[in-house]
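J.: Protein chains in written order, with this note's numbering: chain A, 2 to 305; chain B, 633 to 888.
Think of the hints as simulated: they come from the structure by calculation, not from any bench.
Here a beta-carbon is modelled for each residue, glycine too, at the ideal position from N, C-alpha and C.
A few of these clues could be false.
[To be verified] Below, a list of computed lysine-lysine pairs in the DSS-like style, where the Cα atoms sit at most 25 Å apart:
{"hint": "1", "chain 1": "A", "residue 1": "Lys115", "chain 2": "A", "residue 2": "Lys150"}
{"hint": "2", "chain 1": "A", "residue 1": "Lys136", "chain 2": "B", "residue 2": "Lys866"}
{"hint": "3", "chain 1": "B", "residue 1": "Lys762", "chain 2": "B", "residue 2": "Lys838"}
{"hint": "4", "chain 1": "A", "residue 1": "Lys115", "chain 2": "A", "residue 2": "Lys91"}
{"hint": "5", "chain 1": "A", "residue 1": "Lys91", "chain 2": "B", "residue 2": "Lys636"}
{"hint": "6", "chain 1": "A", "residue 1": "Lys136", "chain 2": "B", "residue 2": "Lys762"}
{"hint": "7", "chain 1": "B", "residue 1": "Lys826", "chain 2": "B", "residue 2": "Lys795"}
{"hint": "8", "chain 1": "A", "residue 1": "Lys8", "chain 2": "A", "residue 2": "Lys118"}
{"hint": "9", "chain 1": "A", "residue 1": "Lys15", "chain 2": "B", "residue 2": "Lys636"}
{"hint": "10", "chain 1": "B", "residue 1": "Lys860", "chain 2": "B", "residue 2": "Lys826"}
{"hint": "11", "chain 1": "A", "residue 1": "Lys158", "chain 2": "A", "residue 2": "Lys115"}
{"hint": "12", "chain 1": "B", "residue 1": "Lys762", "chain 2": "B", "residue 2": "Lys807"}
{"hint": "13", "chain 1": "B", "residue 1": "Lys826", "chain 2": "B", "residue 2": "Lys807"}
{"hint": "14", "chain 1": "A", "residue 1": "Lys118", "chain 2": "A", "residue 2": "Lys158"}
{"hint": "15", "chain 1": "B", "residue 1": "Lys838", "chain 2": "B", "residue 2": "Lys860"}
{"hint": "16", "chain 1": "A", "residue 1": "Lys91", "chain 2": "A", "residue 2": "Lys8"}
{"hint": "17", "chain 1": "A", "residue 1": "Lys200", "chain 2": "B", "residue 2": "Lys860"}
{"hint": "18", "chain 1": "B", "residue 1": "Lys876", "chain 2": "A", "residue 2": "Lys91"}
{"hint": "19", "chain 1": "B", "residue 1": "Lys866", "chain 2": "B", "residue 2": "Lys876"}
{"hint": "20", "chain 1": "A", "residue 1": "Lys136", "chain 2": "A", "residue 2": "Lys200"}
{"hint": "21", "chain 1": "B", "residue 1": "Lys876", "chain 2": "B", "residue 2": "Lys640"}
{"hint": "22", "chain 1": "A", "residue 1": "Lys200", "chain 2": "B", "residue 2": "Lys702"}
{"hint": "23", "chain 1": "B", "residue 1": "Lys866", "chain 2": "A", "residue 2": "Lys115"}
{"hint": "24", "chain 1": "A", "residue 1": "Lys136", "chain 2": "A", "residue 2": "Lys150"}
[Said to hold, decoys possible] If the Cβ cut is set under 7 Å, some of the chain B residues that face chain A in the computed set are:
{"hint": "25", "residue": "Tyr635"}
{"hint": "26", "residue": "Lys636"}
{"hint": "27", "residue": "Glu638"}
{"hint": "28", "residue": "Cys677"}
{"hint": "29", "residue": "Leu681"}
{"hint": "30", "residue": "Val809"}
{"hint": "31", "residue": "Ala848"}
{"hint": "32", "residue": "Gly852"}
{"hint": "33", "residue": "Cys854"}
{"hint": "34", "residue": "Leu855"}
{"hint": "35", "residue": "Cys856"}
{"hint": "36", "residue": "Asp867"}
{"hint": "37", "residue": "Asn871"}
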Amino acid sequence: MSSVSVKVGSVPLKSPLILASGTCNFGRELAGYYDLSILGGMSSKGLTVNPRAGNSGVRVAEADSGMLNSVGLQNPGVDYFIEHDLDFMKSTGAAVIVNVAGHCFDDYLEMCRKLDKYSSLIDVLEINLSCPNVKAGCMTIGSDPEAVKHLVSKLRKATGLPLWVKLTPNVTDIRATALAAQEGGADAVVLINTLLGMKIDIRTRRPVLNNNTGGYSGPAVKPVAVRMVSECYQVLDIPIVGCGGISCADDVIEFMIAGSSAVEIGTANLIHPTCPVGITEDLVRYSEENNISLSELTGSLKLW
Amino acid sequence: MEYKKEYKCSVLSREMLLGDTAYIELNCPDIARTARPGQFVNVSCSRFLKRPFGIASVDRDSGSFFIGVKSIGSGTGEIITLDRGDEVDVLGPLGNGFDLDSFGSYILVSGGTGVFPVNFAAQYLESSGKNFTVVQGFGDASQVVLNRPSYVLTTDSGDCGIKGTAIAGLDTLDKCVCGSSSCIICVGPVPMMKAVSGWALNHSMKCYVSMEQRMACGVGICLCCIVKVKADNKDGFVNVRCCKDGPVFDSSEVIW
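Just chain A, with the same shape it has in the complex (with noise of 0.2 Å):
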C-alpha cells in the first residue's frame, strides 16, 4: 500500500519531510513560498530561556559543496517564541518541534518545564544537544555520554512530550552519546547537526568566519551522517531522524534505508526555499510506483 506518511515512535507525520532548525525560523517566511501543511514536521529556530544576539560578524563561508555557519543561536528567547509564534506554527498544519538549546542542565530543565504546559500545542521538543556555535552547553554536553543520559533522563522526569536529542557527528563514536540518549529516555535520536569546520582567506590569513570556526552542511556532509544513521540504527531501539545534506527524494529514500524514520531537511531550504515541494511530489511518485509505504524503508539496508 502506498503511502509517505511515517511515525516516530508515537509521533506520526503526514510526510517523512521535516524542516530542520535553523533552517525556517518559525515557518513565516517560507509560508509565502508554499503551503507548509504538505510538511511531516516544522523545528524552530533553536531557543534558549533568554534571548540572543548570536555572533557578530561574519556568519557564512561557502564551502565545496555546502557552506559553514557560525549564527550562534541567534534567537528572541523561548518566552517571546510562546507568545508570538507558536501558534503561527501551529496553524501551518506540520507537527511543530521545538528546538531546546542551553548553556546548562538547569536552562535545558527551565525551558522543558515552561514549554510542557503548552503541550496542546507542541508535537516534539527536540533537544539540541549539537550546536558547535556556542561556548557553553550544547555540543559540549552532547560530546559526552555521561553528561547525555544524566541531562535526558532529568528531562524525561521534566516533561511528557515526546522528547528528540539532536546530536553532534563531531565525537570519536557517536553511538555512545546515541546509547546515552536512549539510556535516559529519549523518544528519538535526530542525526546529525552540522560539522566542526573553517575556511580560510588565503589572502588575510585569516579565518572567513568571525568566530573563527563554524558548522559544516550541506551534499557534502550527507555520506558522513548516512553512515552514522547506519551505525546508529544497528544498535538503537528507538526511532532515529536523519539529517545531513539532503537535497532531493533519492536523498530521502537512502536516508530511510539506512534506518532513519523521518528526515530533516536543512540547508537545501536555503539554496531552492521551496526544495520540499518537488521532494514530496517524487517521494509521492516513488511510493506509487514501487507500491510500497515510505515507512517499510526504514533500516531495509543490506549490509555486505
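With chain A fixed as given, assemble chain B onto it according to the hints.
T.: Relative to the frame of chain A, chain B by itself:
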C-alpha cells in the same frame, strides 16, 4: 493566495561596462512587474550559494530586468561571463525597497556596485516626476559607470569630476535641495554610507542606506546576514537580517 516562486531566467543580453563589471539583462516578466527599487535578486552559479544583486533597472514592456555584476570571486567571475540564452535560477524580488514616495525630493548618492540599485531608484523617480539629484563617487575615472552628464561626479583621485569623496559632491549642492523635505538614499561602500549618514544628520535630513552582507538564503530563514541596529535593550543593539529586514535601513539606526 499566490505563492512566491523561484524562476529559471534566460540571459537576454550582457554588456561589459568595465573590465570586471557586466550589465546583464534577464528575462522574467514577474520580477519586472513587481520589483521595487532597492530590492535584490539571488542568482545561481555553479558554486553552492546563490549571489545577491541589487536590481538595476526593469523593462516592464519586454518583461526583463537588469543587474550589475562586479567580479569579486569565482561565483561573480562566472556570472559576468554568462552569454545570451544561458539560464540561471533566480529568487526574487527580495528584501524591502526604498521609500521613494513620501518625500518631496531625493538626493541619490552611490559608489561601487551601489550605482546599480540607485539607477533603478533614479528610473522610478524620473517616471514619477519627482525632483532628484544624483551624486556619484568613485576611486578614479576608470571606475566610473552609469554616469550621466546631469549627475554630480566625484573621484578620490580627481582625474574626473570633483576631487574628493561623495561628501565633496554633496557640499556643492544648492541649499534648497538639502532641506528636511528631501531625503538621501545612499548605496555604496560602508565608509561612503557612514560618511553620508553623518552628513545627513548634520543637515537634519533623513537618510536611507542599503547594506551589504555575506548572505546565504536571501529570504530571512538562516540568520547569516546580520546588520547591527540600535535597540532599547540591555545590549543597546539587535542583530537584524540584512536580506529580510533590509537591505534598506534608516541610516540613523545602523550601528556602523
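J.: Take the hints in turn and mark each one as holding or not.
T.: Checked hints:
1. A:Lys115 to A:Lys150: Within the cut-off at roughly 21 Å; holds.
2. A:Lys136 to B:Lys866: holds, 21 Å
3. B:Lys762 to B:Lys838: Within the cut-off at roughly 17 Å; holds.
4. A:Lys115 to A:Lys91: holds, 17 Å
5. A:Lys91 to B:Lys636: holds, 22 Å
6. A:Lys136 to B:Lys762: violated, 52 Å
7. B:Lys826 to B:Lys795: OK: B:Lys826 and B:Lys795 at ~19 Å, within 25 Å.
8. A:Lys8 to A:Lys118: Given pair A:Lys8, A:Lys118 holds - Cα atoms ~24 Å apart, limit 25 Å.
9. A:Lys15 to B:Lys636: holds, 24 Å
10. B:Lys860 to B:Lys826: holds, 14 Å
11. A:Lys158 to A:Lys115: holds, 13 Å
12. B:Lys762 to B:Lys807: holds, 18 Å
13. B:Lys826 to B:Lys807: Distance of about 21 Å is within 25 Å: holds.
14. A:Lys118 to A:Lys158: holds, 14 Å
15. B:Lys838 to B:Lys860: With a Cα-Cα distance of about 19 Å, the restraint between B:Lys838 and B:Lys860 holds, given a limit of 25 Å.
16. A:Lys91 to A:Lys8: Between A:Lys91 and A:Lys8 the Cα gap is close to 19 Å, so the pair holds against 25 Å.
17. A:Lys200 to B:Lys860: Within the cut-off at roughly 24 Å; holds.
18. B:Lys876 to A:Lys91: Holds, at about 23 Å.
19. B:Lys866 to B:Lys876: The given pair, whose Cα atoms are some 24 Å apart, holds under the 25 Å limit.
20. A:Lys136 to A:Lys200: holds, 19 Å
21. B:Lys876 to B:Lys640: Within the cut-off at roughly 22 Å; holds.
22. A:Lys200 to B:Lys702: It holds: about 23 Å lies between the C-alpha atoms, which stays within 25 Å.
23. B:Lys866 to A:Lys115: It holds: about 24 Å lies between the C-alpha atoms, which stays within 25 Å.
24. A:Lys136 to A:Lys150: Cα-Cα ~21 Å, so holds.
25. Tyr635: Interface hint status for B:Tyr635: holds (6 Å vs cutoff 7 Å).
26. Lys636: holds, 5 Å
27. Glu638: holds, 6 Å
28. Cys677: Check failed: Cβ of B:Cys677 comes no nearer than 10 Å to chain A, outside 7 Å.
29. Leu681: holds, 5 Å
30. Val809: violated, 37 Å
31. Ala848: Where the cut-off is 7 Å and the nearest Cβ of chain A is about 5 Å from B:Ala848, the hint holds.
32. Gly852: B:Gly852 check passes; min Cβ-Cβ to chain A is 4 Å, inside 7 Å.
33. Cys854: holds, 5 Å
34. Leu855: This hint holds: B:Leu855 lies near chain A, its Cβ roughly 5 Å from the closest one there, short of 7 Å.
35. Cys856: holds, 4 Å
36. Asp867: holds, 6 Å
37. Asn871: holds, 5 Å
The structure fails hints 6, 28, 30 (numbered hints given earlier, in ascending order).
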